[in-house]
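Novice: Sequence:
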Amino acid sequence: MADQSVVTLGVDFTSMGVEQEGGKRKGRCKSREPSQASEDLGDFETCLAKGALDAAIDKLASEGESLRLFHMDEYAPLRDENRSLKEQVDKVEEENAYLRRELDRVMGKLKKVEQQMSLVAIAMA
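full-length UniProt numbering numbers the first residue of the sequence shown as 1 and each following residue consecutively.
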């Protein structure tokens, strides 16, 4: 084991991250131009912003669903009452239409009677 630690300590650190011939680098450290680093940072910030936006949208959707479920219990009786009221309105409209037809029929008969009375009055005169 002593030999391995010596080997580890004897590693040439100058080759890590230092430019070699031909402009190539070895190791983990890679040179980045400022524009590339800015672009990468912008991409990272965009990714974080999208993640935050997605989290906010998910939270709002969850809250919306919770509110929808909460108010569903209140809306169900109102829908039933609304349906019942619509049925009652339909019945009243049907009755109103029937009464208008009957009134028109009676008014037609009354008009005929008035015409006959005027003919009788002319005949008697």
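Keep in mind that the hints were calculated from the coordinates and are not lab data. Note that CB positions come from ideal geometry on N, CA and C, so glycine has one too. Keep in mind that the hints are not guaranteed to be accurate.
For each label pair, taking beta carbons as the anchor points, the in silico distance ranges come out as [as the list claims (entries may be wrong)]:
1. S35 <-> D73: 41 to 47 Å
2. K86 <-> E45: 52 to 58 Å
3. M72 <-> K111: 29 to 35 Å
4. V89 <-> S118: 53 to 59 Å
5. A123 <-> L85: 55 to 61 Å
6. L110 <-> D73: 53 to 59 Å
7. E93 <-> K50: 52 to 58 Å
8. G42 <-> R68: 45 to 51 Å
9. D73 <-> G42: 44 to 50 Å
Straight-line Cα separation of at most 35 Å, DSBU-like style, residue types lysine-lysine; simulated pairs [what the hints assert, rightly or not]:
10. K111 <-> K91
11. K91 <-> K59
12. K86 <-> K112
Novice: Confirm or reject each hint.
Specialist: Hints, verified against the model:
S35 and D73 have their C-beta atoms about 58 Å apart, which leaves the hinted 41 to 47 Å range violated. For K86 paired with E45, a C-beta distance near 55 Å keeps the hint of 52 to 58 Å intact. For the hinted restraint 29 to 35 Å between M72 and K111, the CB-CB distance of approximately 57 Å leaves it violated. Checked against the hint of 53 to 59 Å, the pair V89 and S118 fails, with Cβ atoms roughly 43 Å apart.
Taken as a hint, the range 55 to 61 Å holds for the pair A123 and L85, whose Cβ atoms sit roughly 56 Å apart. At roughly 56 Å, the beta-carbon separation of L110 and D73 lies within the given 53 to 59 Å, and the hint holds. At roughly 55 Å, the beta carbons of E93 and K50 sit within the given window of 52 to 58 Å. Range check, G42 to R68: Cβ separation about 38 Å, and the 45 to 51 Å hint is violated.
The hinted window of 44 to 50 Å between D73 and G42 holds, with their beta carbons roughly 48 Å apart. For the hint linking K111 to K91, the alpha-carbon distance of about 30 Å falls within 35 Å, and the restraint holds. At most 35 Å may separate the alpha-carbon atoms for a hinted pair to count; K91 and K59 exceed this at roughly 46 Å. Between the alpha carbons of K86 and K112 the distance comes to roughly 39 Å, so the proposed pair goes past 35 Å and is violated.
Against the hints set out earlier in the document, violations occur for numbers 1, 3, 4, 8, 11 and 12.
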